[in-house]
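There are 2 protein chains.
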Amino acid sequence: MAKLLGNQTVLLDKQPIILSGAAIVGKKEGDGPLAKYFDDIVDDEYAGEKTFEAAESRILRDAFIKLLEKSGKASTDINLILSGDLLNQCTAASYAFRDVDIPYLGLYGACSTMSESMTIASMLIDGGSIDYAVCAASSHFCSAERQYRFPLEYGSQRTPTAQWTVTGAGAVLLGKKGQGPRITSVTPGKIIDEGIKDSNNMGAAMSPAACDTILNHLNDTGRTVDDMDIILTGDLGSFGTTMLRELLIKNGIDPKNKLSDCGTLIFNLEKQGVVCGGSGCGCSASVFSTYILDQFSKGILNRVLFVATGALLSPTRIQQGETIPSIAHAVLVEA
Amino acid sequence: MAKLLGNQTVLLDKQPIILSGAAIVGKKEGDGPLAKYFDDIVDDEYAGEKTFEAAESRILRDAFIKLLEKSGKASTDINLILSGDLLNQCTAASYAFRDVDIPYLGLYGACSTMSESMTIASMLIDGGSIDYAVCAASSHFCSAERQYRFPLEYGSQRTPTAQWTVTGAGAVLLGKKGQGPRITSVTPGKIIDEGIKDSNNMGAAMSPAACDTILNHLNDTGRTVDDMDIILTGDLGSFGTTMLRELLIKNGIDPKNKLSDCGTLIFNLEKQGVVCGGSGCGCSASVFSTYILDQFSKGILNRVLFVATGALLSPTRIQQGETIPSIAHAVLVEA
Chain A
1 MAKLLGNQTV
11 LLDKQPIILS
21 GAAIVGKKEG
31 DGPLAKYFDD
41 IVDDEYAGEK
51 TFEAAESRIL
61 RDAFIKLLEK
71 SGKASTDINL
81 ILSGDLLNQC
91 TAASYAFRDV
101 DIPYLGLYGA
111 CSTMSESMTI
121 ASMLIDGGSI
131 DYAVCAASSH
141 FCSAERQYRF
151 PLEYGSQRTP
161 TAQWTVTGAG
171 AVLLGKKGQG
181 PRITSVTPGK
191 IIDEGIKDSN
201 NMGAAMSPAA
211 CDTILNHLND
221 TGRTVDDMDI
231 ILTGDLGSFG
241 TTMLRELLIK
251 NGIDPKNKLS
261 DCGTLIFNLE
271 KQGVVCGGSG
281 CGCSASVFST
291 YILDQFSKGI
301 LNRVLFVATG
311 ALLSPTRIQQ
321 GETIPSIAHA
331 VLVEA
Chain B
1 MAKLLGNQTV
11 LLDKQPIILS
21 GAAIVGKKEG
31 DGPLAKYFDD
41 IVDDEYAGEK
51 TFEAAESRIL
61 RDAFIKLLEK
71 SGKASTDINL
81 ILSGDLLNQC
91 TAASYAFRDV
101 DIPYLGLYGA
111 CSTMSESMTI
121 ASMLIDGGSI
131 DYAVCAASSH
141 FCSAERQYRF
151 PLEYGSQRTP
161 TAQWTVTGAG
171 AVLLGKKGQG
181 PRITSVTPGK
191 IIDEGIKDSN
201 NMGAAMSPAA
211 CDTILNHLND
221 TGRTVDDMDI
231 ILTGDLGSFG
241 TTMLRELLIK
251 NGIDPKNKLS
261 DCGTLIFNLE
271 KQGVVCGGSG
281 CGCSASVFST
291 YILDQFSKGI
301 LNRVLFVATG
311 ALLSPTRIQQ
321 GETIPSIAHA
331 VLVEA
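Going line by line, the protein sequences match chains A and B. Mapping of the first sequence onto our numbering: position 5 corresponds to residue 5, and the numbering continues sequentially without gaps. Mapping of the second sequence onto our numbering: position 11 corresponds to residue 11, and the numbering continues sequentially without gaps.
Think of the hints as simulated: they come from the structure by calculation, not from any bench. Treat the hints with care, since some could be wrong.
[Unchecked claim] In the SDA-like style, the derived pairs of lysine to any residue whose C-alpha atoms are separated by at most 25 Å in a straight line are:
#	chain 1	residue 1	chain 2	residue 2
1	A	K14	B	V225
2	B	K50	A	I318
3	B	K50	A	E194
4	B	K3	A	D44
5	A	K66	A	D44
6	B	K250	B	V225
The task is simple: from the sequences and hints, build the whole structure.
As structure tokens, then:
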């Protein structure tokens with residue numbers, strides 16, 4: 001039986017297993033350093049659909065179908081899908097999963113959605129409520145840009161702290177039995193708002209939330225940075241990762257060489273013109289579901305604290321002069 | 001330990017308890033038939049804030065504070081808040097809970113959010129992951145109208161199937177021990193899309209989802225309509241409730257006089273000019289958290305299947321010619 005550990009960590013008794021993962025990404029992501037790990041690279045930004053929004057639903061749905069194929073499961077084996085995205089009213093996920101005939105829980109955690117879904121699903125499997133769950137998230141550069149910033153046709157310049165929304169969808173299958181790395185504890189995050197107002201500097205807004213969740217996880221479990229192979233954030237980008245390092249040191253924790261970030265892993269920051277790196281729910285979802293799981297299967301990684309981070313802003317609230325609340329949910333994954 | 005029952009119902013072993021509820025609503029709701037049950041009625045549509053969006057966060061936060069007061073709990077007693085709303089990027093909830101220092105799970109289920117949050121929280125408590133959770137949801141007529149339809153200043157006419165977004169926030173406290181009605185099983189819903197395209201007819205779009213979840217709950221549990229005091233949907237309105245009745249009969253289930261709907265309970269449909277009734281996450285949240293819990297405490301209700309329904313559309317996807325996917329999550333509440 002699961003139990004609460006310290007302030008906000010849940011120690012999982014049955015340790016749900018990550019049975020499989022799959023990801024489909026866009027062309028730019030396919031030109032990046034992780035290309036060979038992705039299951040498919042879609043060159044057409046419309047993915048054969050008529051709109052960017054429909055394209056995002058399409059790649060999310062296709063990642064789900066690929067996941068079922070890879071895991072040898074039928075959709076009737078899956079008890080729940082937990083998913084979300086950045087689009088208004090989370091329609092990428094709602095439209096992707098509207099005819100799969102599987103119970104569905106819609107989440108909104110901005111770019112923390114992947115670890116939020118894994119946090120909830122692993123507690124539900126541990127508690128016996130369900131046996132198998134799919135956790136998935138997506139984002140799309142074109143649908144996100146026009147919703148959050150400007151229509152692409154404007155050709156807006158990017159600020160020095162900007163990140164590049166990943167076109168991608170990632171999905172993992174969690175189950176009560178089988179082979180794969182295990183989720184041994186989870187630390188759902190608190191909403192943290194340190195007063196950042198610049199919506200082109202999400203890394204700065206999110207790093208305090210990542211710091212808070214990491215500190216609480218380490219305090220609750222009695223573990224140290226040395227116990228982790230990596231602490232994998234998603235997606236602080238290069239600027240936010242530097243801020244996280246400073247915040248951790250300020251709080252007495254030296255992260256040494258353990259910090260890694262999905263937003264800096266997915267692109268070549270020097271060559272691909274993405275400024276501080278990737279962002280979007282689909283970034284950490286696709287990096288975790290493929291590259292990270294591959295590193296586990298090869299024995300290169302054995303213990304990873306996966307901490308996806310989300311900036312819970314809206315364009316409306318920012319235009320009203322508000323600051324950016326953020327959140328980070330952590331799942332500890334062990335071989 | 002929880003167990004799966006039939007296709008999609010989870011039978012809860014520990015039966016989490018609804019310890020308390022609270023709701024704060026707007027002036028129009030305070031003029032309706034349930035006025036005396038609400039904890040506070042806010043005459044100012046800005047609730048003392050500068051924007052409608054900030055006002056929605058304010059009433060949600062105040063409902064949460066009222067809930068803590070009524071239940072005699074401190075915020076440190078609460079392990080998790082599960083909440084969501086209709087605003088883009090779910091900012092009513094994110095901004096409401098940004099400084100309460102409690103782990104937070106953001107949900108998006110449109111108007112099904114209240115039963116979605118109770119579905120997840122009761123499974124988490126049952127599984128031992130947490131002891132106490134707050135489930136909450138909100139909506140605001142003014143913030144919803146300008147986001148989904150037209151700026152209020154346009155004074156648009158309403159169609160014969162329109163519903164009126166409730167200004168209101170409701171919250172319940174679920175716990176592993178104490179006094180109150182119990183959640184004995186939950187049926188998370190599937191996304192159903194029967195091809196309705198009229199975003200002014202949400203009742204029609206959502207009734208097939210309500211029907212599907214109710215049928216699955218009854219099949220999975222072996223119960224009948226006669227076992228329920230009421231089947232409480234939220235918010236199909238009068239038109240959607242008529243459709244649900246027809247759909248159930250078509251599927252061999254006569255709902256008799258058991259159907260009740262939060263959207264028709266909260267307003268006087270003849271006198272208040274709300275056409276088919278209330279809608280919005282805050283409608284079922286505020287009706288369930290106060291009036292329904294009051295009826296349990298008086299012994300008038302003893303078994304209620306609470307089935308909040310959500311239309312998972314977005315204005316963007318509707319403008320692109322898409323249909324409206326919908327969902328309904330059911331929780332069985334017993335004295």
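Restraint check for K50 of chain B with I318 of chain A, where alpha carbons must lie at most 25 Å apart: holds, 14 Å
Pairwise hint evaluation, V225 of chain B against K14 of chain A, where the allowed Cα distance is 25 Å at most: Status violated; Cα separation ~37 Å.
K66 of chain A paired with D44 of chain A [C-alpha distance capped at 25 Å]: Holds, because 18 Å separates the two Cα atoms, which is no more than 25 Å.
Hinted pair K3 of chain B and D44 of chain A, Cα distance within 25 Å: Not satisfied, since the Cα-Cα distance of roughly 44 Å exceeds 25 Å.
Pair hint K250 of chain B and V225 of chain B, alpha-carbon separation not exceeding 25 Å: holds, 15 Å
Pair hint outcome, K50 of chain B versus E194 of chain A [Cα-Cα no greater than 25 Å]: Roughly 21 Å between the alpha carbons, so the hint for K50 of chain B and E194 of chain A holds.
In summary, the numbered hints that this structure violates are 1 and 4.
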